[in-house]
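Student: The lines below spell out each chain.
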Amino acid sequence: MMSKRLLPLLAVGGLLSACETPPPPRADPRLILTPAVASLSVGEPVVNAGPDGRLRVNVDIFNGNGFDFPLRYQTDWLDETGRPITTLQSRPAFRSLARATITTIDADAPAPRARNFRMTLDADTR
Amino acid sequence: MSPNPKDTPMPFNTRSRRGFMLGGAMLLLSACAQGEMATQRIDSRNDRSAIGMGLDNRDFEEAARSMVRGMLESGRLQARPDGSPRVMAISRITNDTTLRINTNQLVQLISVELSNSGRVVTTTAVGLEGPSDPLSERVRGLSRSGIVDRNTVPGRTVVAPDLSLSGNIIQSTNRVDGGATRVDYIFQLNLTNIRNGIALYQGNETITRVGSGRTVSW
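Just so you know, the protein sequences line up as chains A and B, in that order.
According to our numbering, the first sequence is numbered sequentially starting from 1.
According to our numbering, the second sequence is numbered sequentially starting from 1001.
Derived from the structure by calculation, the hints contain no laboratory data.
A portion of the hints provided could be inaccurate.
[What the hints assert, rightly or not] Going by beta-carbon spacing under 10 Å, a handful of chain A positions derived as facing chain B:
| hint | residue |
| --- | --- |
| 1 | G43 |
| 2 | E44 |
| 3 | A49 |
| 4 | G50 |
| 5 | R54 |
| 6 | P70 |
| 7 | R72 |
| 8 | L88 |
| 9 | S90 |
| 10 | T103 |
| 11 | T104 |
| 12 | N116 |
[What the hints assert, rightly or not] Pairwise CB distance ranges (calculated):
| hint | chain 1 | residue 1 | chain 2 | residue 2 | range |
| --- | --- | --- | --- | --- | --- |
| 13 | A | A98 | B | P1154 | 54 to 60 Å |
| 14 | B | R1195 | A | E44 | 42 to 48 Å |
| 15 | A | D68 | B | R1045 | 44 to 50 Å |
| 16 | B | N1102 | A | D79 | 28 to 34 Å |
| 17 | A | I102 | B | G1118 | 23 to 29 Å |
| 18 | A | R115 | B | N1102 | 33 to 39 Å |
| 19 | A | R115 | B | V1148 | 41 to 47 Å |
| 20 | B | P1081 | A | S96 | 25 to 31 Å |
| 21 | A | P35 | B | T1208 | 48 to 54 Å |
| 22 | B | T1094 | A | P35 | 41 to 47 Å |
| 23 | B | G1118 | A | S96 | 44 to 50 Å |
| 24 | B | V1176 | A | A98 | 44 to 50 Å |
| 25 | B | Q1202 | A | T120 | 28 to 34 Å |
The C-beta atom is built at its ideal place from N, Cα and C for all residues, glycine as well.
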């Protein structure tokens, strides 16, 4: 009797824990996606250096949802020692991703001394 | 002998009325106290607090970030041929909104970010309405002082600016369907080459709010 009650509970628990399993890590660790943007298709970041030596990053995002998606993204720029550079360019930025459309998110390094970056994509839930 | 009014028992209905009024007042006060939001510390790098119809620091940062990026991307804002940065002076930034805005909030963000780029520095010794730091000029008057070594008083060493930053912040308010209010705040900036008067950069950044008209501040 006890096991009959426990089995469905365990099954439900197992299903729930499966739902909470985090997605596999992305190939590019510089791009951090929160669970809130799981419904978006995010491409790999394309990184180039401009004529002045500043890094520029482009990321294509496809919003296949039936609604416009409020995106909040933040790019930390790191110097050669891996420390974040204090800059306005690392403040959160907001985009409304139009439904069924690809939007290109881009970010520019504040200075040539920025050697790497870390971009976090999240939903704007204000 | 008439009875002392203090000794006269209060009619029940008067006493209960006073009690009810007092109780009501207490309830109202406690309701207000419960509705009051506790003070919180906010990390400006992760500020998800509520917004209003007016402008807050996040909007200035967004406008400054976008316009500095435009300046650096324009390709016209290069360092001097000898590699030294251009010198920018702050001209007139007009607040044409109903908000009380200190335009330094915007100017400082732009100055710092341009300075970090290595291409532009800002002079505090020259400004449209006088220098933002008058000490550069006043120190030169110390050459007549009896206690200061004249050899340490700077001479004509202040660098004249190459660039001038000017602009406007404009507000446009409209009623929209459903009784809501739409407010557009338009940040316009010009970066002018002082030597020839030609704008090297002209930027326009709009920040828009749609919300209840009750929260519009004017």
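Student: Each hint needs a verdict: does it hold in this structure or not?
Tutor: Hint check results:
1. Contact between G43(A) and chain B, as hinted, is not supported at the beta carbon level, the nearest pair being about 22 Å apart and thus beyond 10 Å.
2. Residue-level restraint check for E44(A) is violated (minimum Cβ-Cβ distance to chain B is 23 Å; threshold 10 Å).
3. The restraint placing A49(A) at the interface with chain B is violated, with a minimum CB-CB distance near 14 Å, outside the 10 Å limit.
4. Annotation: G50(A) was flagged as interfacial toward chain B, and the flag holds, the nearest CB pair being 8 Å apart, inside 10 Å.
5. The beta carbon of R54(A) comes within 8 Å of a beta carbon in chain B, closer than 10 Å, and the hint placing it at the interface holds.
6. About 12 Å separates the beta-carbon of P70(A) from the nearest beta-carbon of chain B, more than 10 Å, and the hint is not met.
7. At about 8 Å, the closest approach between the beta carbon of R72(A) and any beta carbon in chain B falls short of 10 Å, and the interface hint on this residue holds.
8. Hint on L88(A) holds. Least Cβ distance to chain B is approximately 4 Å, under the 10 Å limit.
9. For S90(A), the interface hint holds, the least distance from its beta-carbon to any beta-carbon of chain B being 7 Å, beneath 10 Å.
10. The closest approach between the C-beta of T103(A) and any C-beta of chain B is roughly 16 Å, which is over the 10 Å cut-off, so the hint fails.
11. Interface hint at T104(A): violated, since its Cβ lies 15 Å from the closest Cβ of chain B, which is beyond the 10 Å cut-off.
12. Violation of the interface hint for N116(A) is found here, the shortest Cβ-Cβ separation to chain B being roughly 17 Å, above the 10 Å cut-off.
13. Range check, A98(A) to P1154(B): about 57 Å between beta-carbon atoms, so the 54 to 60 Å window is met.
14. Under the hint 42 to 48 Å, the C-beta atoms of R1195(B) and E44(A), about 45 Å apart, fit the expected range.
15. At about 26 Å, the beta-carbon gap between D68(A) and R1045(B) misses the expected band of 44 to 50 Å.
16. At about 32 Å, the CB distance of N1102(B) to D79(A) agrees with the hint of 28 to 34 Å.
17. Between I102(A) and G1118(B) the beta carbons are some 34 Å apart, a value that contradicts the proposed interval 23 to 29 Å.
18. Distance hint check for R115(A) and N1102(B): the Cβ-Cβ separation is about 36 Å, which falls inside the suggested range of 33 to 39 Å.
19. About 46 Å separates the C-beta atoms of R115(A) and V1148(B), a value consistent with the hinted range of 41 to 47 Å.
20. Checked against the given bound of 25 to 31 Å, the beta carbons of P1081(B) and S96(A), roughly 43 Å apart, lie outside it.
21. For the hinted restraint 48 to 54 Å between P35(A) and T1208(B), the CB-CB distance of approximately 29 Å leaves it violated.
22. With their beta carbons about 45 Å apart, T1094(B) and P35(A) fall inside the hinted range of 41 to 47 Å.
23. Between G1118(B) and S96(A) the C-beta distance comes to about 33 Å, which lies outside the given range of 44 to 50 Å.
24. In this structure the supplied range 44 to 50 Å is violated for V1176(B) paired with A98(A), their Cβ-Cβ distance being about 20 Å.
25. Between Q1202(B) and T120(A) the beta carbons are some 32 Å apart, a value that agrees with the proposed interval 28 to 34 Å.
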